[in-house]
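Asks: Each chain is listed here by its residues.
There are 2 protein chains.
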Amino acid sequence: MPKLKLTYFAFDGGRGEPIRLALACGKIPFEDHRFPPSDWPTMKDQTPLHQVPVMEVDGKVITQSNTLLRYAGKLAGLYPNDPLEAAHCDEAMETIEDIVTKIVPTMFMQDEEEKRRAREALAAGPIPLYLRRLETMLKERGGKYFAGDRLSVADFKVFLWTRHLQSGQLDHIPKDIVQRLTPTLTEHFKRISAVPEIVDYYKKRAAA
Amino acid sequence: MPKLKLTYFAFDGGRGEPIRLALACGKIPFEDHRFPPSDWPTMKDQTPLHQVPVMEVDGKVITQSNTLLRYAGKLAGLYPNDPLEAAHCDEAMETIEDIVTKIVPTMFMQDEEEKRRAREALAAGPIPLYLRRLETMLKERGGKYFAGDRLSVADFKVFLWTRHLQSGQLDHIPKDIVQRLTPTLTEHFKRISAVPEIVDYYKKRAAA
Numbered sequence: 001m002p003k004l005k006l007t008y009f010a011f012d013g014g015r016g017e018p019i020r021l022a023l024a025c026g027k028i029p030f031e032d033h034r035f036p037p038s039d040w041p042t043m044k045d046q047t048p049l050h051q052v053p054v055m056e057v058d059g060k061v062i063t064q065s066n067t068l069l070r071y072a073g074k075l076a077g078l079y080p081n082d083p084l085e086a087a088h089c090d091e092a093m094e095t096i097e098d099i100v101t102k103i104v105p106t107m108f109m110q111d112e113e114e115k116r117r118a119r120e121a122l123a124a125g126p127i128p129l130y131l132r133r134l135e136t137m138l139k140e141r142g143g144k145y146f147a148g149d150r151l152s153v154a155d156f157k158v159f160l161w162t163r164h165l166q167s168g169q170l171d172h173i174p175k176d177i178v179q180r181l182t183p184t185l186t187e188h189f190k191r192i193s194a195v196p197e198i199v200d201y202y203k204k205r206a207a208a
Numbered sequence: 001m002p003k004l005k006l007t008y009f010a011f012d013g014g015r016g017e018p019i020r021l022a023l024a025c026g027k028i029p030f031e032d033h034r035f036p037p038s039d040w041p042t043m044k045d046q047t048p049l050h051q052v053p054v055m056e057v058d059g060k061v062i063t064q065s066n067t068l069l070r071y072a073g074k075l076a077g078l079y080p081n082d083p084l085e086a087a088h089c090d091e092a093m094e095t096i097e098d099i100v101t102k103i104v105p106t107m108f109m110q111d112e113e114e115k116r117r118a119r120e121a122l123a124a125g126p127i128p129l130y131l132r133r134l135e136t137m138l139k140e141r142g143g144k145y146f147a148g149d150r151l152s153v154a155d156f157k158v159f160l161w162t163r164h165l166q167s168g169q170l171d172h173i174p175k176d177i178v179q180r181l182t183p184t185l186t187e188h189f190k191r192i193s194a195v196p197e198i199v200d201y202y203k204k205r206a207a208a
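Chains as they are written, first to last, in the numbering used here: chain E, 1 to 208; chain R, 1 to 208.
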């Protein structure tokens, strides 16, 4: 097994979290390098694309969060072998990345009024569109998991995004938007929350 | 082999082109559904995420351009089996998607002055950063191909992006930016341009 070091912000969310969760659930040893956001201004220029997460694999850097999640998924036995099932897994992962890329800029808006307008526009159009598409994908693929009728890294990525939407951390985006628009995604959220390895992981995190 | 239908704009570029090229080079039969950009306003709402490319696989729709490129690559024998080599392939594909997502909004700017400022900012910062990172990746992985020391869909995606940068279609981004900053990427561009299946493909396209 290669020596892995994952570098990401010191919080249990964002683009790094699905990778941590996949490696932890698959019992793949890795160095979980977490840094406080206050270190970011000095660290930023030292990362290849001024972004995190980055992973060192035997000392060599790899970037791009879905690249790292797919790689972690393969090591952890949480990524399908079948090309069409793998495409279903990828589609869910990339759909989340696509909508998150639209939401992230609002996190850096200093002007409260500008942020409110941007978030309300997202809650009125793109977020419902993406939630409904995810629900359709889930239903077409058996209703329980996003790929191959079993747990995969796609489920981790969707679960963590719907958790974020429900967390209340995103002002001006109604906390009940998932529950109200996409009941099958809400069921999916509950199903993945209850995966024993995930329950264990967050128990340990809470105690850390 | 599944029945494939790829829907994308009627031009030989953009997010659909690497998928067409991979399927054509791999001799994988597919329906190449091209539509004129003037049809887009009426078609847009009929696509799952108001985006193309989309692919139907035995009549079922899949979205997300890198998902489709990875799937096409597997069918065509142009995607690595080894997890680390696959991560190298994914990283190049996703790095291109990442920078293209920053460039695409400038294509819809109506205000020429706004477009000029946005393009000049990209040419001063992000585009050189991404080009140099791609060059570093290429060198670290043997200098010729982006993954597994052989041709993969990552090479197609990088080649088509550097072709676009050199095409002169992007006002305010110097046409010689690739050649000036990243000689190893320029060599890569020439190498991939000369792949016999790619030469054949564009001969046929020119005659079509």
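Since the hints were derived computationally from the structure, they do not count as laboratory data.
Since this is a predicted model, take the numbers as computed values, not measurements.
Some hints here could point you the wrong way.
The calculated lysine to aspartate or glutamate pairs, modelled on EDC-like cross-linking and capped at a C-alpha distance of 16 Å, are [said to hold, decoys possible]:
hint, chain 1, residue 1, chain 2, residue 2
1, E, K60, R, E135
2, R, K102, R, E85
3, E, K3, E, E56
4, R, K102, E, D98
5, R, K3, R, E85
6, E, K60, R, E113
7, R, K60, E, E120
8, R, K204, R, E85
9, E, K190, E, D171
10, R, K60, E, D98
11, E, K175, E, D98
12, R, K139, R, D149
13, R, K5, R, E85
14, E, K102, R, D98
15, E, K139, E, D149
16, E, K139, E, E85
17, E, K60, R, E85
18, R, K60, E, E140
Asks: Could you run down the list of hints and mark each one as holding or not?
Replies: Quick rundown of the hints versus the structure:
At most 16 Å may separate the alpha-carbon atoms for a hinted pair to count; K60(E) and E135(R) meet this at roughly 15 Å. Between K102(R) and E85(R), the direct Cα distance comes to roughly 26 Å. Violation of the 16 Å bound is thereby established for this hinted pair. In summary, the hint linking K3(E) to E56(E) is supported, as the alpha carbons are separated by about 8 Å, within the 16 Å threshold. Our distance criterion of 16 Å between C-alpha atoms is met by K102(R) and D98(E), whose separation comes to about 12 Å.
For the suggested pair K3(R) and E85(R), the alpha carbons sit about 28 Å apart, so the restraint of at most 16 Å is broken. At most 16 Å may separate the alpha-carbon atoms for a hinted pair to count; K60(E) and E113(R) exceed this at roughly 42 Å. Under the criterion of a C-alpha separation no larger than 16 Å, the hint pairing K60(R) with E120(E) is inconsistent with the structure, at around 32 Å. Between K204(R) and E85(R) the CA atoms are separated by roughly 32 Å; this puts the pair beyond 16 Å, and the hint is violated.
Distance hint between K190(E) and D171(E) is unfulfilled; the C-alpha atoms sit about 23 Å from each other, more than 16 Å. Between the alpha carbons of K60(R) and D98(E) the distance comes to roughly 21 Å, so the proposed pair goes past 16 Å and is violated. Distance check on the hinted pair: K175(E) and D98(E) sit about 20 Å apart at the alpha-carbon level, beyond 16 Å; violated. With a CA separation close to 11 Å, the supplied pair K139(R) and D149(R) stays within the 16 Å bound.
For the hint linking K5(R) to E85(R), the alpha-carbon distance of about 28 Å lies beyond 16 Å, and the restraint is violated. A distance of roughly 12 Å separates the Cα atoms of K102(E) and D98(R); the hinted pair therefore holds under the 16 Å criterion. Pair hint K139(E) plus D149(E) holds up; C-alpha atoms about 11 Å apart against a cutoff of 16 Å. Using a Cα cut-off of 16 Å, the hinted pair K139(E) and E85(E) holds, with the two alpha carbons roughly 14 Å apart.
Note on K60(E) and E85(R): the hinted pairing holds, with a Cα-Cα distance of about 13 Å set against a maximum of 16 Å. The straight-line distance between the Cα atoms of K60(R) and E140(E) is roughly 9 Å, inside the 16 Å bound, and the hint therefore holds.
Checked against the numbered hints given earlier, the structure breaks hints 2, 5, 6, 7, 8, 9, 10, 11, 13 and satisfies all the rest.
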